[in-house]
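K.L.:
First to last, the sequence lines map onto chains A and B.
For the first sequence, the positions run 13 to 272 when my numbering is used.
For the second sequence, the positions run 2 to 243 when my numbering is used.
Each hint can be trusted.
Just so you have them, the derived chain A footprint on chain B, three or more residues with Cβ under 8 Å:
(1) 47-56
(2) 91-102
Residues from chain B that face chain A, not an exhaustive set, calculated with beta carbons under 8 Å:
(3) Ser76
(4) Tyr77
(5) Phe79
(6) Gln81
(7) Ala83
(8) Phe85
Straight line, CA to CA, 25 Å or less: simulated DSS-like cross-link-like pairs of lysine-lysine:
(9) A:Lys51 x B:Lys101
(10) A:Lys141 x B:Lys101
(11) B:Lys128 x B:Lys101
(12) B:Lys128 x B:Lys138
(13) B:Lys128 x A:Lys51
(14) B:Lys106 x A:Lys44
By construction, these hints were calculated from the structure, which means they are not laboratory data.
All of these numbers come straight from a predicted model, not from anything done at the bench.
Note that the Cβ used here is the ideal one computed from N, Cα and C, for glycine as well.
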Amino acid sequence: MIGRIGSKGISFVSELGELTLFSASSLSSLLKGRHMMEKLVRAIYEIGVRCIPITLIVGLFTGLVLGLQLYYVLTKFSSESLLGQAVALSIIMEIGPVFTAIMIVGQAGSALSAEIGIQRNAEQIDALKTMQIDPLGFLVSPRLYAALICFPILTAFFDIVGILGGHLTGVSMLGVDEGAYWNRIYESVSLRNVRDGFIKSLAFGLITTAICAFQGYFTHTKASVPGARGVSQTTTRAVVLSSIAILSTDYLLTSFLLEK
Amino acid sequence: MKSAYLRIRGLSKRFGDLVVLDAIDLDIPLDSHTTVIGKSGIGKSVLLKCLSGLLTADAGEVSLDGAQGKFPQCSYMFQQNALFDSQTVWENVALPLREKERISKKDLAQRVTALVEQLELENAVDKYPAEISGGMKKRVALARALITNPEIILFDEPTTGLDPERKFAVFDMIRSYRERFGFTVIMVSHDVPEVFGITDQVAWLDAGKIKYWGSPEDLKQSPPSELEGFLNPKLSSQSSAA
Chain A
13 MIGRIGSKGI SFVSELGELT LFSASSLSSL LKGRHMMEKL VRAIYEIGVR
63 CIPITLIVGL FTGLVLGLQL YYVLTKFSSE SLLGQAVALS IIMEIGPVFT
113 AIMIVGQAGS ALSAEIGIQR NAEQIDALKT MQIDPLGFLV SPRLYAALIC
163 FPILTAFFDI VGILGGHLTG VSMLGVDEGA YWNRIYESVS LRNVRDGFIK
213 SLAFGLITTA ICAFQGYFTH TKASVPGARG VSQTTTRAVV LSSIAILSTD
263 YLLTSFLLEK
Chain B
2 MKSAYLRIRG LSKRFGDLVV LDAIDLDIPL DSHTTVIGKS GIGKSVLLKC
52 LSGLLTADAG EVSLDGAQGK FPQCSYMFQQ NALFDSQTVW ENVALPLREK
102 ERISKKDLAQ RVTALVEQLE LENAVDKYPA EISGGMKKRV ALARALITNP
152 EIILFDEPTT GLDPERKFAV FDMIRSYRER FGFTVIMVSH DVPEVFGITD
202 QVAWLDAGKI KYWGSPEDLK QSPPSELEGF LNPKLSSQSS AA
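Okay, chain A solo, but in the shape it has when bound (with noise of 0.2 Å):
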């Protein structure tokens, strides 16, 4: 039993690791490219452009549930004039970055592995080996620093739509005063609220970018059974393994930039 436990907890030093290398290197790769400025815009378009519908619509649900639910908490405190700021500060700190970049995990991340898994299984990566084009630079660079562009500009739109949508319910279907909930947002929110929840969606875009493409560039060695099914295996372990590391992140993040 404890064999095993420290058999995993090898495994899992290792994978990490494995994936922080994978992760140096593509980064480092963009340079070497050549066309990097092409591929870095399809990239975009593909992380970014085609996210946009779901992140609105999500961004716009979560504020209206949020600015629902926190009104039946404020007003047992007789305090529903906090509507704005509370909406507020959840959506723009912790809500925004989080359910952003799990949103963009489901779409463009499961895409991007299953991508790359179906290309190495049809020899397509050993194939730009043979050609000497660095498949890193050609596959996953363009992708990683899209997501750096991209998850903060989607977790901006989050935010915005979100306090729109606590708007829509708390102003205009519960009556809170539009006054009120405005100014509440203008007195509590910080340029230092918008940064940390920046901060947050960078580390969101890199890592779990890095997870998915780590995850079907190596499906070959990752899963269990090869062909199609090992590409179905490790997409589900990529968006998986991406929503745990969004989660566990972000208590990391929230901690250390709570206590500055």
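Fit chain B to the given chain A structure using the hints.
P.N.:
Showing chain B alone in chain A's frame:
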């Protein structure tokens, strides 16, 4: 003057306890067609992958002998072609040039156009690999391998899964394009004796060692006793058919 050749010395590769290549020594002449034959799963593709750098050998070295200059540029033809299925034929052929060489769009277009015309692919340039036939896919893969003007092309079982007619068509394609473009072929195949019609040398890989090296004519006339078991069923059926 003796022609240049690839000198392979002590090449070894193992996977766990399984020794696949056991200190292989081989001299492969350039400007010729060499075929490595052997049973399925014996390590022929591993040898090719070690030569291409896709796998790192545990020991041994590969060097160029009898010629000046740097190690010749190699291209690799995969069993299943390994074409990028989300890119058109044109983009697949242009890929190595686009990614590796500083070349203007005009020059790139000229080189790709010239090659697709030579390989009779001009009607397929806008199609995706899934939209063309198996034979055309092979030609696209060959075009991609040829676009950088390699001196050596490594073919990994190019006729796997093909019927006899298509098999001969692929062998004929390799022979005719080698004559036209002048590249060296190192091919892995278990299609004996069909492959004897196009190859200059045969190397028989068995139990991790090269157990025979010579011309296909010599092999057919006086096969070593160890090889007879591998060759005879097919040779005898060929002679009875003749």
